[in-house]
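Number of protein chains: 2
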Amino acid sequence: MILLKSTGVLLLLSTNFSCAQQKKPNLILIVTDDQGYADLESFGSNDLETPNIDGIAAAGVRFTQWYANSPVCAPSRAALMTGLYPHNAGVPDLLAPRSPGLSLNRVTLADALKKKGYQTGVFGKWHLGAAADYLPNKRGFDEFFGHLEGTLDYFSHMYYLIRAPRPFHDLWRNTEEAWEEGNYMTHLITREAKQFIRNNKEEPFFMYVAYNAPHQPLHMPKKYLDRFSHLEPQRQRIAAMLAVVDEGVGEIIAQLKKDGLNDNTVVFFMSDNGGANNTKNFLSNEPDQFFYGANNGGLRGHKGSVFEGGIRVPACMSWPGVIPPGTVVDEPGIGMDIYPTFLKIAGAEPPDYMLDGHDLMPRINERKKTPHDVLCWEYAGQYAIRKGKWKLSLNTMLDFRREGPEVFLADLKADREETHNLAGEYPEVVKELRTQLDTWYESVKPNLPSE
Amino acid sequence: MILLKSTGVLLLLSTNFSCAQQKKPNLILIVTDDQGYADLESFGSNDLETPNIDGIAAAGVRFTQWYANSPVCAPSRAALMTGLYPHNAGVPDLLAPRSPGLSLNRVTLADALKKKGYQTGVFGKWHLGAAADYLPNKRGFDEFFGHLEGTLDYFSHMYYLIRAPRPFHDLWRNTEEAWEEGNYMTHLITREAKQFIRNNKEEPFFMYVAYNAPHQPLHMPKKYLDRFSHLEPQRQRIAAMLAVVDEGVGEIIAQLKKDGLNDNTVVFFMSDNGGANNTKNFLSNEPDQFFYGANNGGLRGHKGSVFEGGIRVPACMSWPGVIPPGTVVDEPGIGMDIYPTFLKIAGAEPPDYMLDGHDLMPRINERKKTPHDVLCWEYAGQYAIRKGKWKLSLNTMLDFRREGPEVFLADLKADREETHNLAGEYPEVVKELRTQLDTWYESVKPNLPSE
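Just so you know, the protein sequences line up as chains B and F, in that order. Residue numbers for the first sequence follow the working numbering, beginning at 222 and rising by one. Residue numbers for the second sequence follow the working numbering, beginning at 222 and rising by one.
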């Protein structure tokens, strides 16, 4: 059946809605950790093997200007789970081990969908609060298998970042410690995700698959490393880790198809922030060396920076029969938009406070402009605001260690790589954006966690 | 051929010496880490699977009163490598990460054998100095594959004990970092040991196989854990870890046989100290709990204690054609005795200073009494001395945390479990032993490392 572009969309939409009356669409959110903007073939990489994630983009929509709500993990994820700026979710910064997290007065995506009859599961990295009241099972998830903190030894599942009082084992099935040492974490996450699908064929489900790869430590089974022996060592490790993730995504999609669920399942994929720099062996006693295994596609900065390299990330979404294959959306979108989008698809009630995110579907299927007047970021004293083509960044860092300019104005349309500072040339733009940034930050301040 | 016991030994000895003219015997020292006295079926366990290590005892000699030179790892190993009390080897205590170790003026077992034409290799835990001049390749070993520090994540090969400034990766092939994450350390040690045998069929070799199991963290591949699912969880983990070690020992012996080397190879097996107590998940933030997965066969105390549970360890030795199968030696022996024994077998020159250890062969094949008038221990302010049936212990600890009696005199012949303190009853024995202990400690003091 050949359809005209414009009518095709409508027809497909109506087909889907009749189907949805039988059963609400399943919702899957797949998030990777520190994957760079160009760390997918569909986003410009030519040295990785990511056919399955690329397949989501091919089957649906690819977002060329997708943002994480923060250049670091926990705040970015807080936005995903709440539809709010991280600051309004109580997680503006990285979380120290064993600490509280997502504000208890916020309704998580899982809470909202569960109320609508969804089975809910999260597999992988939680990192939104490890104190008792903040655990996944207390935040709307029926099932949890994964780790609570921000980094994990992929094989022994130990947490041993230097900020921790002592290293500890951090793998859990719901609230029980799970012992699976020797099994590679990415494989475990995939295994659990597939099992969750198998267990929930009848009821609609929401599954949050939070791969911790390719976050450091850069662990992977040797056979994947060997597959990329032609790459230089730093890139080789990222390529190997992402190959395991991509294989996992492929297995998840295959499971959906096997169980006849794929046609009624929405899959959203994104990275939680830009590609990181790491030290060679993660936590060496040797002097730190920069490690740029990730590929941010020429964008400036890395994880930890409010420049595009820290916050613009690969993202795509599929919804068979609704989103036409091969769709490309160049309008900006941002992590916190997923929450209202998923709620709308599920017909679930939004919470009784205002969300910061906006439903994505008009941008995807109706080619609408973004409803966000501005997008704002704040992380560890850096600020950024985007309005149309303009982006103003203040007190910038290029990553966790290297300082950048104090004031930087970029015309992202002409200069996505943020190389030309137009702040001197357009003082009135700087002034206007700065005012809007101030207004935004004043608005989120009351919701910041107390020190 | 049926031989009378007394003449048989002589005949066998002469057979061997004619054979040795063709090629000197290979020497293998296999050491485990924190294996308890009764953590072998041949030493009283009834819940483990250790047929291969038991096989060494069956093929040769089992030592019922074998001692480690220290209740902790590094000093015990220092004695093995030098034939000296740990204090005379410069390693009286545990070693902090990245620190010096074995005194540079000491001739290691590898040094001495190498001079006699032996190929030398060490596979597994070194823990005798991680500073540049103290590395295995600087201490007489042609080949090294393993880790330098005292604990290791068995899968990611990271070191993350709390005393470390920062966690770091600690797996090396000679002086080059080796990346093998995901591969279980015990398997890697076995793999390397077998390869070393294959590479050295022609020349005599000395191989030190230093398994880090069953030292915490209590990691093992799940399939071994499942094999012992009938045991309670703490014991299950030790059983699983030791099963992998035993399997490895079996593979090493099989490799010797395959290469026609078994008949001309001496194998010595021992644990480096008594069974330990650990916390459940190694380095938890939860309150520490005692973990007694090891079986010290009723001996008092654990690793860290100068009571028998901390220092009396399983040990056995095989030398086909020389040591009659099924030999049992009840005379005390101690780690530092291995050095002069191996040197004698190899016909190698002892160093130009006095050794503390004594050749074992007279105790094994001639039923001689131990030539040690006394055996002494000192660790972290605890002292012990054994003379005949008497053992005096001072300032005792039961492990790293629990204090024991300040003065304890045991009659080990009547009371191997050290339950009856005879110090009050035999003050003159206490006095005599204390004097000898003082004399000993004064003698080693000049060799202690400066603070």
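Hints in this document: simulated from the structure, not taken from any laboratory. Note that the coordinates shown come from a computational prediction; the quantities given were computed from them, not determined experimentally. Errors might be hidden in some of the hints.
The list treats identical chains as interchangeable, and a pair is accepted whether it falls inside one copy or across any two copies.
In silico lysine to any residue, SDA-like type, Cα no more than 25 Å apart, as pairs [said to hold, decoys possible]:
no., residue 1, residue 2
1, Lys245, Ala280
2, Lys443, Arg419
3, Lys589, Trp611
4, Lys666, Pro545
5, Lys634, Pro425
6, Lys443, His408
7, Lys422, Asn616
8, Lys443, Glu398
9, Lys444, Trp400
10, Lys443, Thr396
11, Lys444, Asn395
12, Lys443, Glu364
13, Lys634, His579
14, Lys443, Asn395
15, Lys443, Tyr355
16, Lys337, Tyr513
17, Lys359, Glu397
18, Lys443, Asn404
19, Lys336, Leu576
20, Lys444, Glu397
21, Lys359, Asn483
22, Lys608, Ala635
How the hints compare with the structure:
1. Lys245 / Ala280: Within. Shortest intra-copy distance 20 Å satisfies the 25 Å Cα cut-off; inter-copy 70 Å does not.
2. Lys443 / Arg419: Only across copies: Lys443 and Arg419 sit 24 Å apart there, 30 Å inside one copy, limit 25 Å.
3. Lys589 / Trp611: within (19 Å within a copy, 91 Å between copies)
4. Lys666 / Pro545: neither (40 Å within a copy, 82 Å between copies)
5. Lys634 / Pro425: neither (41 Å within a copy, 72 Å between copies)
6. Lys443 / His408: both (14 Å within a copy, 15 Å between copies)
7. Lys422 / Asn616: Answer is neither: 49 Å inside a copy and 65 Å across each miss the 25 Å cutoff.
8. Lys443 / Glu398: Cα proximity of Lys443 and Glu398: across copies only (15 Å, versus 27 Å in one copy).
9. Lys444 / Trp400: both (23 Å within a copy, 12 Å between copies)
10. Lys443 / Thr396: between (32 Å within a copy, 21 Å between copies)
11. Lys444 / Asn395: Close across copies (23 Å), not inside one copy (31 Å); limit 25 Å.
12. Lys443 / Glu364: between (31 Å within a copy, 23 Å between copies)
13. Lys634 / His579: Within. Shortest intra-copy distance 23 Å satisfies the 25 Å Cα cut-off; inter-copy 82 Å does not.
14. Lys443 / Asn395: This pair counts as between: shortest inter-copy Cα distance 20 Å, intra-copy 30 Å.
15. Lys443 / Tyr355: Result: close neither inside a copy nor across copies, 36 Å intra and 30 Å inter.
16. Lys337 / Tyr513: Result: close neither inside a copy nor across copies, 43 Å intra and 49 Å inter.
17. Lys359 / Glu397: within (14 Å within a copy, 47 Å between copies)
18. Lys443 / Asn404: both (13 Å within a copy, 8 Å between copies)
19. Lys336 / Leu576: Answer is within; shortest intra-copy Cα gap is 18 Å, inter-copy 77 Å.
20. Lys444 / Glu397: Close across copies (21 Å), not inside one copy (31 Å); limit 25 Å.
21. Lys359 / Asn483: neither (29 Å within a copy, 61 Å between copies)
22. Lys608 / Ala635: Within one copy only: 14 Å inside a chain, 87 Å across chains, cut-off 25 Å.
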